[in-house]
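Novice: Chains as they are written, first to last, in the working numbering: chain E, 2 to 476; chain R, 68 to 139.
Hints are computed from structural coordinates only; laboratory data are not their basis. There could be a bad hint or two in this list.
Said to hold, decoys possible - With a straight-line cut-off of 27 Å between C-alpha atoms, the simulated DSSO-like cross-links for lysine-lysine are: (1) R:Lys124 x E:Lys156; (2) E:Lys156 x R:Lys116; (3) R:Lys124 x E:Lys118.
To be verified - Per the computed footprint, the stretches of chain R lying under chain E, defined by three or more beta-carbons under 8 Å from a beta-carbon of chain E, are: (4) 91-99; (5) 103-111.
Computed from a prediction, not measured in an experiment: that's the story for all the values here. For each residue, glycine too, the CB sits at the ideal point set by N, CA and C.
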Amino acid sequence: MANKAQTKTKMMKNDHIILGSSFRDPSGFMFREKNTLYRQINRSYKENYSLLKNSGLYDELTENGLLIEHIEIETSCGDSECYKHIKPAAVPFISYPYEWTFSQLKDAALATLEIQKIAMKHGMTLKDASAFNIQFIEGKPLLIDTLSFEKYEKKKPWVAYRQFCQHFLAPLALMSCKDIRLIQLFRVFIDGIPLDLASSLLPKSTYANISLFMHIHAHAKTQKRFASKQINRRTSHLSEHAMQGLISSLINAIKKLHWKKTNTEWDKYYSFTNYSDSAFKKKKKIIEEFIDVLPKTPALVWDLGGNTGLFSRIASNKEINTISFDIDYLAVEKNYREMREKKEKHILPLFLDLTNPSTNLGWAHQERESLEKRGPADLIMALALIHHLSISNNVPIGMIASYFSLLCKYLIVEFIPKDDSNVQKLLSTRKDIFIKYNQKNFEKSFNEYFDITSSQNIEGSKRVLYLMISRHIHE
Amino acid sequence: MQFFIACALLLLPFSFANAYLDPGSGSFIIQLIIGAMLGSLIAVKTYFKKIKSSFLKLFGKQSTDKDKDDEE
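Pulled out of the complex, with its shape left as it was, chain E reads as follows (with noise of 0.2 Å):
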């Protein structure tokens, strides 16, 4: 298939670039035109297309925002497979599920879930399940996958059964009743967790837990039990309502699932801050005048180490599509219940550690895009950040100003000096050979990569804002 799509890229016109993770369906693919992303329908997802439009399933699922909208483009295709170019809306940012938090991968799973369900009453099926496929736009999951439907044939089982359990059901549960962290193990495999892998990882007590007894612990058993047999056709038969009660029983077990915190835990936690409240305030403010003072309103915000998101709404709350990413899943989680709550449509919480952020994966290097890659952000925001970096990570200042002046045009930095209360409790526990760890050198290496247009004292502590402009990313 990869060939495939690697002979068609060269095939096409220069200005038409296939996506590197547009290559396993046969239905069609996506490429990008000018800055513009489409997808090419092939001849032969015709039926399944007309079927998508006229049984009302697209209205339906567009509607509910389940479902990305997309328009049909006039042109010849040039291409004897193609049957149809559309443009499907932007999507601001593509994010992974290895950087969501729990809620996300929850959403996303009963976003899926309920989009099959609607599906089988119009007369169509999910023919995948992928994770990969959800995308969060405007606040809420949606499938991004035009093609992902296919005519349900009566009696016929779900063909994306078991890419569900692995992208959803598995990790959900590792990250239930194991560890949050687990769901890092979709950086390996990126077809999802393996159940086999995911069945023994789990405590023992989830054998009691019917649903995830029956959907991962027998299911892996079965797999293996099955793995090198033949089994008979004519056995397939999944009636109707046995695929409604398939759907309800995942559905089930999608719910029961929580990342076992206390309301009290939730409520308590906090940014935690040792400056007074005035210069908390100021440095809200200086922050809002630096993002105005900009030529150009910012697309796309990333705001590195944004916590649970506090000052990444000053950016959102201007409609600016921001990503609040953080190390904490805990912060995640917390900005990303808040933003569900409020409805909030500009602002993305994602997990990312920036000392070891996503990388390019999948086939060829291509199918998943590292953060680089998915750059450069218009601004990027780097709060209370370099501290961290620099003494409790050993990153010499001037890598981290090398490759910030990759990742974004804009930079609003923050600089704490060392007798600031929260660099000392870092350097607490260790020896200081951070000789290098102060102002004027931090200026000088930030000064090789960016244009230094301003900097300005929070009054009320000893800290300093900076926006810059990188020499490396021009407009």
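With chain E held as given, fit chain R onto it using these hints.
Specialist: Leaving out everything else, chain R in the frame of chain E:
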């Protein structure tokens, strides 16, 4: 009911034969088993609801408005 399904899963002989080799065979089979059992449950529930509704119609005079609302 789901408990009985789980117990039944443990007892199944898994004696299928013939046709084709498929690494996803196990997923296919478990889905058929779970689906068949849960599907039966739905069928029984639907049937039971019909019987219940027939009885309610039969003794309609005794049922109050509240009962009717509950039934809806």
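Novice: Return the numbers of the hints above that this structure violates; sort them in rising order.
Specialist: As far as the earlier hints go, 1, 3 are violated by this structure, in ascending order.
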